[in-house]
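2 protein chains.
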Amino acid sequence: MNNKKAVGKRSILFSRPPVIIGAGSVAGEKEGQGPFGKYFDIIEKDPLFGSGTWEEAESRMQHMSAQIALRKAGLEPKEVRYLVAGDLLGQLIATSFGIMNFNIPMFGVYGACSTMGESLGIGSILVDGGYADYVVALTSSHFASAEKQFRYPLAYGSQRPYSATWTVTGSGAVVLASSEARWRRKETGYVEVVGTTTGIITDYGIKDSMNMGACMAPAAADVVLNNFKDLGVGPDYYDRIVTGDLGTIGQRILIDMMKGYGYDIEQQHFDCGTQIYYNKEQNTNAGGSGCGCSAITLCGYIMDKMRKNEWKRVLFIPTGALLSTVSFNEGNSIPGIAHGVILEAVSGRETEEKRG
Amino acid sequence: MNNKKAVGKRSILFSRPPVIIGAGSVAGEKEGQGPFGKYFDIIEKDPLFGSGTWEEAESRMQHMSAQIALRKAGLEPKEVRYLVAGDLLGQLIATSFGIMNFNIPMFGVYGACSTMGESLGIGSILVDGGYADYVVALTSSHFASAEKQFRYPLAYGSQRPYSATWTVTGSGAVVLASSEARWRRKETGYVEVVGTTTGIITDYGIKDSMNMGACMAPAAADVVLNNFKDLGVGPDYYDRIVTGDLGTIGQRILIDMMKGYGYDIEQQHFDCGTQIYYNKEQNTNAGGSGCGCSAITLCGYIMDKMRKNEWKRVLFIPTGALLSTVSFNEGNSIPGIAHGVILEAVSGRETEEKRG
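Protein chains in written order, with the numbering used here: chain A, 30 to 385; chain B, 30 to 385.
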């Protein structure tokens, strides 16, 4: 077989794991007031980010987060070979208008809120495969642009059930570098993308757009299960199994489903959506959601934990509910998808040993 | 540098070029009545494809084209490691619902009508890089679902200016195989994907949603120019330089722009959109458009020409106009993107020589 890097049915283990050499996070005020506030690079009080529309605000966030990631990586846009990005808005307009000025060859991706996993996965393949030295993977979501597109204009003041989540206003961007490019740098501790586990479209027939966690939990369970099977490991293999935005209800479903498959992941499981707000105090009901939720949690909080070697190995699984107002209004269910990425922290001492 | 397969600023030349071992095309009645009618696998007279909605019709087309491609390749869905696909509809619902039952790990992509180039490009990278033996790349568009989403409901009977194009009802799917997997097969002539040239987002400020060719021509010109520069070649290198859906006006702009860069591509240039209908007789004004336009032209007509060795080397560049009704109504321009893929026909005699 040619596919030597393919492991089991759904996973890849990279022979030359790409390294995250820069991560940028831009968050809104509400996200800044949540538990991870101190980990974000920028917290912006103006929800319009100085622009005239919610969509442009989101584009500006993407531009900012990419700029921060590039600055931390010490790179100019022209040194980046590919940009892999997407967002929740129709035709990915937050991305198109946000990153246009960088003039970086671009792969647009759509996986609903699983986008950060998909862009990191494809970006890592481009680097590991020898197609690029540097790739930027990024995504965003904005509370107001998402509500406008998927539910009701904010001015309606619609009531939100307890199962509803709050779309995170935020954008996260990472710069991936080839292992060769990494040695030209001075860092002593860093985070590698060592593999991926790619999801399928799952559909358990859920039709409640105010309970997205239930739509996504089966997709997440499918990726966790296949990751364990492909790698021949169990929950203990990871310090944390991180999902994107299941929220309190979806999280419960995932843990129960995994128990049904014979795995107890309760101790390792961490859901960005459940954790990103003080749900009770901030009235965010079941938690946060949106592409930006897992993206800024990764670029802020998770990267910090890993750089400090507090979390050594993380299975990062952004989760997406493929909600379409068109198919939804036609009576269809809301399918889910999830994209898993395996992250490993390499300490300063280990770096020196590897550098040899 | 690690990126040995990277050529110039934007291109890749594969060291183990993936092979197209199956291609399926499904078209609507109008497309069947056009010049390429006899090359399509299925021409369906019912625009709803037996379903109840335009969106579901499009999903059924994707399912059919993938099935045909898999059957021609002699593969079961479970043997396919990745599916790379997308469409024009919000949240890629034609794809999600169309391919769900295959249970193939999936990367959702969005590049407007450039999707077939993007999915072929990423799919080829997955195969060449050793991550998969078999990948399916596919896309679709449907006249009625696209008009409904982007312009006016059909029942309005809106007038169409001469610069407008007609969204193709069709879906095209290809199965890519690794060069190793290829030798297990009996074919003696085939088509290889030998490389890619990836586009950037271009924006010349065009704001006319009824003149998409003008939005896309600069994106196409950018890819053609960079392909020539990266490979150190000129128009003569190719038997055909195929664009997706510029239509008669966009085609003229592309040829003029290329003249401005010092290249005369008039003899080699072939635009699927300009060619897919008898524009005068079929009232399609500037031609065909949509993801399906280049996809079914590739899977039907172009594959036929290449398998017969009439066209030996083709630069295939699906073109996309990132039209969003939201950003458009907010006064924004319509940016464009294009994704180039280099195709080469290998004859029976050459196959025997390669097999050795």
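Please note that the accuracy of each hint is not assured.
You can't tell identical chains apart in this list, so a pair holds if it fits in one copy or across any two.
[What the hints assert, rightly or not] Once the Cα atoms are required to be at most 27 Å apart in a straight line, the calculated DSSO-like pairs of lysine-lysine come out as:
#: 1; residue 1: K107; residue 2: K34
#: 2; residue 1: K38; residue 2: K74
#: 3; residue 1: K67; residue 2: K309
#: 4; residue 1: K309; residue 2: K341
#: 5; residue 1: K101; residue 2: K236
#: 6; residue 1: K38; residue 2: K107
#: 7; residue 1: K309; residue 2: K177
#: 8; residue 1: K101; residue 2: K177
#: 9; residue 1: K215; residue 2: K101
#: 10; residue 1: K107; residue 2: K258
#: 11; residue 1: K215; residue 2: K309
#: 12; residue 1: K34; residue 2: K177
#: 13; residue 1: K258; residue 2: K236
#: 14; residue 1: K38; residue 2: K334
#: 15; residue 1: K337; residue 2: K38
#: 16; residue 1: K74; residue 2: K334
#: 17; residue 1: K337; residue 2: K309
#: 18; residue 1: K67; residue 2: K334
#: 19; residue 1: K74; residue 2: K215
#: 20; residue 1: K334; residue 2: K177
#: 21; residue 1: K236; residue 2: K67
#: 22; residue 1: K101; residue 2: K38
#: 23; residue 1: K236; residue 2: K177
#: 24; residue 1: K74; residue 2: K236
#: 25; residue 1: K74; residue 2: K258
These aren't lab readings, by the way, just hints derived from the structure by calculation.
Each hint, compared with the structure:
1. K107 - K34: between (30 Å within a copy, 18 Å between copies)
2. K38 - K74: neither (45 Å within a copy, 39 Å between copies)
3. K67 - K309: For K67 and K309, the Cα distance is within 27 Å only inside one copy (20 Å; across copies 63 Å).
4. K309 - K341: neither (31 Å within a copy, 65 Å between copies)
5. K101 - K236: For K101 and K236, the Cα distance exceeds 27 Å both inside one copy (42 Å) and across copies (36 Å).
6. K38 - K107: Intra 36 Å, inter 9 Å, cutoff 27 Å: inter-copy only.
7. K309 - K177: Classified as within: same-chain Cα gap 24 Å, cross-chain 41 Å, threshold 27 Å.
8. K101 - K177: Classified as neither; 34 Å inside a copy, 44 Å across copies.
9. K215 - K101: within (12 Å within a copy, 52 Å between copies)
10. K107 - K258: Between. Shortest inter-copy distance 17 Å satisfies the 27 Å Cα cut-off; intra-copy 40 Å does not.
11. K215 - K309: neither (43 Å within a copy, 64 Å between copies)
12. K34 - K177: So K34 and K177 fail the 27 Å test inside a copy (42 Å) and across (43 Å) alike.
13. K258 - K236: neither (30 Å within a copy, 51 Å between copies)
14. K38 - K334: neither (30 Å within a copy, 36 Å between copies)
15. K337 - K38: Answer is neither: 33 Å inside a copy and 36 Å across each miss the 27 Å cutoff.
16. K74 - K334: For K74 and K334, the Cα distance is within 27 Å only inside one copy (26 Å; across copies 58 Å).
17. K337 - K309: This pair counts as neither: shortest intra-copy Cα distance 30 Å, inter-copy 67 Å.
18. K67 - K334: Within. Shortest intra-copy distance 13 Å satisfies the 27 Å Cα cut-off; inter-copy 60 Å does not.
19. K74 - K215: The answer is neither: 35 Å in one copy and 64 Å across copies each exceed 27 Å.
20. K334 - K177: neither (34 Å within a copy, 47 Å between copies)
21. K236 - K67: neither (37 Å within a copy, 42 Å between copies)
22. K101 - K38: between (36 Å within a copy, 23 Å between copies)
23. K236 - K177: Classified as both; 19 Å inside a copy, 23 Å across copies.
24. K74 - K236: Neither way: K74 and K236 sit 35 Å apart in one copy and 32 Å across, limit 27 Å.
25. K74 - K258: neither (45 Å within a copy, 46 Å between copies)
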